[in-house]
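Starting from the structure of chain A, add chains B and C where the hints point.
Residue numbers (the working numbering), protein chains in the order written: chain A, 1 to 277; chain B, 1 to 277; chain C, 1 to 277.
Source of the hints: derived by calculation from the structure; they are not laboratory data.
By construction, the Cβ of each residue, glycine as well, lies at the ideal position given by its N, Cα and C atoms.
Any given hint might turn out to be false.
To be verified - Pair by pair, the computed Cβ-Cβ distance ranges are:
(1) G61/C - T265/B: 39 to 47 Å
(2) R186/C - R91/A: 35 to 43 Å
(3) R18/A - E273/B: 50 to 58 Å
(4) A242/C - A275/A: 52 to 60 Å
(5) R269/A - S114/B: 33 to 41 Å
(6) T265/B - P216/C: 45 to 53 Å
(7) A242/C - A8/A: 25 to 33 Å
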Amino acid sequence: MAFTLSAADIWSDLTAVRERSPLVHCITNLVVINFNANVLLAAGASPVMAHAHEEVRDMAGIAQALVLNIGTLDPYWVESMKLALAAAAVRGIPSVLDPVGAGATPYRNATLESLLAVAAPTVIRGNGSEIMSTAGAAVKTRGVDSSAAAGDALVAAQALIARTSGTICVSGETDHILDASHRWARLSNGHPWMTRITGVGCSATALVGAFCAVQPDPWRATTAAMAVLGVAGEVAAEKTQARGLGVGSMAVQLLDELQLLDRATFESRLKLELASW
Amino acid sequence: MAFTLSAADIWSDLTAVRERSPLVHCITNLVVINFNANVLLAAGASPVMAHAHEEVRDMAGIAQALVLNIGTLDPYWVESMKLALAAAAVRGIPSVLDPVGAGATPYRNATLESLLAVAAPTVIRGNGSEIMSTAGAAVKTRGVDSSAAAGDALVAAQALIARTSGTICVSGETDHILDASHRWARLSNGHPWMTRITGVGCSATALVGAFCAVQPDPWRATTAAMAVLGVAGEVAAEKTQARGLGVGSMAVQLLDELQLLDRATFESRLKLELASW
Amino acid sequence: MAFTLSAADIWSDLTAVRERSPLVHCITNLVVINFNANVLLAAGASPVMAHAHEEVRDMAGIAQALVLNIGTLDPYWVESMKLALAAAAVRGIPSVLDPVGAGATPYRNATLESLLAVAAPTVIRGNGSEIMSTAGAAVKTRGVDSSAAAGDALVAAQALIARTSGTICVSGETDHILDASHRWARLSNGHPWMTRITGVGCSATALVGAFCAVQPDPWRATTAAMAVLGVAGEVAAEKTQARGLGVGSMAVQLLDELQLLDRATFESRLKLELASW
Numbered sequence: 001m002a003f004t005l006s007a008a009d010i011w012s013d014l015t016a017v018r019e020r021s022p023l024v025h026c027i028t029n030l031v032v033i034n035f036n037a038n039v040l041l042a043a044g045a046s047p048v049m050a051h052a053h054e055e056v057r058d059m060a061g062i063a064q065a066l067v068l069n070i071g072t073l074d075p076y077w078v079e080s081m082k083l084a085l086a087a088a089a090v091r092g093i094p095s096v097l098d099p100v101g102a103g104a105t106p107y108r109n110a111t112l113e114s115l116l117a118v119a120a121p122t123v124i125r126g127n128g129s130e131i132m133s134t135a136g137a138a139v140k141t142r143g144v145d146s147s148a149a150a151g152d153a154l155v156a157a158q159a160l161i162a163r164t165s166g167t168i169c170v171s172g173e174t175d176h177i178l179d180a181s182h183r184w185a186r187l188s189n190g191h192p193w194m195t196r197i198t199g200v201g202c203s204a205t206a207l208v209g210a211f212c213a214v215q216p217d218p219w220r221a222t223t224a225a226m227a228v229l230g231v232a233g234e235v236a237a238e239k240t241q242a243r244g245l246g247v248g249s250m251a252v253q254l255l256d257e258l259q260l261l262d263r264a265t266f267e268s269r270l271k272l273e274l275a276s277w
Numbered sequence: 001m002a003f004t005l006s007a008a009d010i011w012s013d014l015t016a017v018r019e020r021s022p023l024v025h026c027i028t029n030l031v032v033i034n035f036n037a038n039v040l041l042a043a044g045a046s047p048v049m050a051h052a053h054e055e056v057r058d059m060a061g062i063a064q065a066l067v068l069n070i071g072t073l074d075p076y077w078v079e080s081m082k083l084a085l086a087a088a089a090v091r092g093i094p095s096v097l098d099p100v101g102a103g104a105t106p107y108r109n110a111t112l113e114s115l116l117a118v119a120a121p122t123v124i125r126g127n128g129s130e131i132m133s134t135a136g137a138a139v140k141t142r143g144v145d146s147s148a149a150a151g152d153a154l155v156a157a158q159a160l161i162a163r164t165s166g167t168i169c170v171s172g173e174t175d176h177i178l179d180a181s182h183r184w185a186r187l188s189n190g191h192p193w194m195t196r197i198t199g200v201g202c203s204a205t206a207l208v209g210a211f212c213a214v215q216p217d218p219w220r221a222t223t224a225a226m227a228v229l230g231v232a233g234e235v236a237a238e239k240t241q242a243r244g245l246g247v248g249s250m251a252v253q254l255l256d257e258l259q260l261l262d263r264a265t266f267e268s269r270l271k272l273e274l275a276s277w
Numbered sequence: 001m002a003f004t005l006s007a008a009d010i011w012s013d014l015t016a017v018r019e020r021s022p023l024v025h026c027i028t029n030l031v032v033i034n035f036n037a038n039v040l041l042a043a044g045a046s047p048v049m050a051h052a053h054e055e056v057r058d059m060a061g062i063a064q065a066l067v068l069n070i071g072t073l074d075p076y077w078v079e080s081m082k083l084a085l086a087a088a089a090v091r092g093i094p095s096v097l098d099p100v101g102a103g104a105t106p107y108r109n110a111t112l113e114s115l116l117a118v119a120a121p122t123v124i125r126g127n128g129s130e131i132m133s134t135a136g137a138a139v140k141t142r143g144v145d146s147s148a149a150a151g152d153a154l155v156a157a158q159a160l161i162a163r164t165s166g167t168i169c170v171s172g173e174t175d176h177i178l179d180a181s182h183r184w185a186r187l188s189n190g191h192p193w194m195t196r197i198t199g200v201g202c203s204a205t206a207l208v209g210a211f212c213a214v215q216p217d218p219w220r221a222t223t224a225a226m227a228v229l230g231v232a233g234e235v236a237a238e239k240t241q242a243r244g245l246g247v248g249s250m251a252v253q254l255l256d257e258l259q260l261l262d263r264a265t266f267e268s269r270l271k272l273e274l275a276s277w
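The shape of chain A in the complex, shown without the other chains (with noise of 0.2 Å):
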């Protein structure tokens, strides 16, 4: 295994989010708009949501990441995408796709499609389901459709690596980062309740956005956005639990502890394992 990945390292990175307020250009889901937005300013970066066909290219042009999310898809907002995605591409910053929902409806399914079409996300984070039916709609564009048949997410995510060259997370109780260099990343932190949060996957991509924004290598800056959530989140979860309390103070301390969060917490507690695949 040629490569590594320290707590410190990652650390290193929250601390560059933190003082360098990256801006992140939000095209995202009515529901978790709000939440994205402030899971951003807590975490210490600087959103902007914008979707005007007549501004997003001006608005990716002055961002240092743009995150893509198609929660609440309709075709004003998918063009918007294809804009803003085409415009970061020639400009050369990161991209972050949200595939959400992907498999729930053909319209999602060639949505996802026509936006890889425009260009390769610098990394696609989904869940399981999610990375399968986005690696099947590719890869029946190239005449091949078992890939989402072979149930398997990480066959799935391996194949979109084939596709766009870039990062995939499959999330979920494991957090599984993949890149074309073969490095594979496991994170094991978190708490089941962050699925009783609505929009708690799709912070993560925009958290991903925010760490693509200061961390050039998008495979490290994934990680350390999924750990710092991950970490964040368990944290929150317990705290919350120890007072008899439930999701809805949950989703409260999570944003404190996304901004309050410290070194030996983070390093203490980081369950982070690397491997080639």
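Okay, now just chains B and C, sitting in the frame of chain A:
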């Protein structure tokens, strides 16, 4: 009175929501879209928000219930609601309509009329003036324009039942749930601060959708959803006030209570009266 | 200095908001739409969010104030704002404009210019660079292109006053509120964490709308709204920090303080200076 509904019955419906986690497709307003999703998640359901014309029928096709809310309507979203309502009717899944702001503008009244012309919602839930305005629009179509002037939300509810054959919920200090079998439930739980948090009424409607997804009797499902929200709301208000806090904290606590509400608390607090109308 | 404004005056305006619960029609951005509604409710006002072209004039016709915010503008919403602004001007209700992100893209600048061409808002509230950009656009139209380059938000505010005859609020560590009668209020309340919660600035604008609805002097109403938010924000920050919590908790606490703020706390904390410009 040839029917019953006990606290234990309602508790079993909440248990079914928590265990079966029904998929509830919401086409709702931009103000409450996040809070509604979190309310559904806290109660144990699975929300999906989708409005693209290209996919609303598909989404209604995989959901166990459809929730429509006209709070921030515009022509695109109204068409989304019509497409989804038609799909839900064909498929036979329950549909719940929240006529937010009915009566405030002619456009809202015309929209409600056009929605009712597509299909009769399984349940309509609104406050007194919203139910009266919705009934007024309905009655007008039938050549009678006096029901709204009758000034009585319960008369309006009965007029709506005559048109839709569905369940009507008039919410307020006392919630009234009536159906075509002349069943009438009255709930007296809740707290005045629930009106000081945006989206609590809309969240009631979303919860009605979740309960209709697991309980085939819409009148019982609606009564159960309103009962659970009312008890959770009054517990949240009491805990919040005991800590000297306000409506911001109460909104968070309400999510906690929806998740953590236990049977003993619910059954001891429930204020339910049954009658025939 | 031929004018006065006391803490007691401001308190009486907040009392009027709480007692009269004015209806405030907001056409605002998708990020803050929920938080703004909750801020207005916590302060005692009644928010209504509506943007359909078919009803914005009707809604502005029943509201006591109109609030426009271009944060997530697109052509449909810009037209909504124009229709509502024209209706508010005809009817004579106060209108408040928040030029979010002015200067970030040419589209935002062009939109602001087109809004100002419809009618002069009663109040414009933005941070320094937003006010400078808005004034620059205005001045350019009149053949002068140097005000933005002057690098001075107060000069820009004065230029905007010359154009609109309205009240201009430049918010920041110190808030400046100026009007055509050469009145100048400076407020030094608040807390840096207020910039770490999305939508606090936009909520300030929404509150200005609520205060303008009950206080016919827009300069006084604007100063009152900014003063109340500043004091509520600093109390919320102090309580949050005393508990070792962060910006997530502070957002919740801010709503609580807006609801529960008492006269003694407000008057003892208010940092208001008056001058002529």
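Here's how the hints hold up against the structure:
1. G61/C - T265/B: 39 to 47 Å: Holds - the Cβ-Cβ distance for G61/C and T265/B, about 46 Å, lies within 39 to 47 Å.
2. R186/C - R91/A: 35 to 43 Å: 41 Å Cβ-Cβ, so the 35 to 43 Å window holds.
3. R18/A - E273/B: 50 to 58 Å: holds, 56 Å
4. A242/C - A275/A: 52 to 60 Å: Roughly 45 Å apart at Cβ, these two residues miss the hinted range, so it is violated.
5. R269/A - S114/B: 33 to 41 Å: violated, 55 Å
6. T265/B - P216/C: 45 to 53 Å: holds, 49 Å
7. A242/C - A8/A: 25 to 33 Å: The hinted range 25 to 33 Å holds for A242/C and A8/A, with Cβ atoms some 32 Å apart.
Comparing the model with each numbered hint stated earlier shows that hints 4, 5 do not hold.
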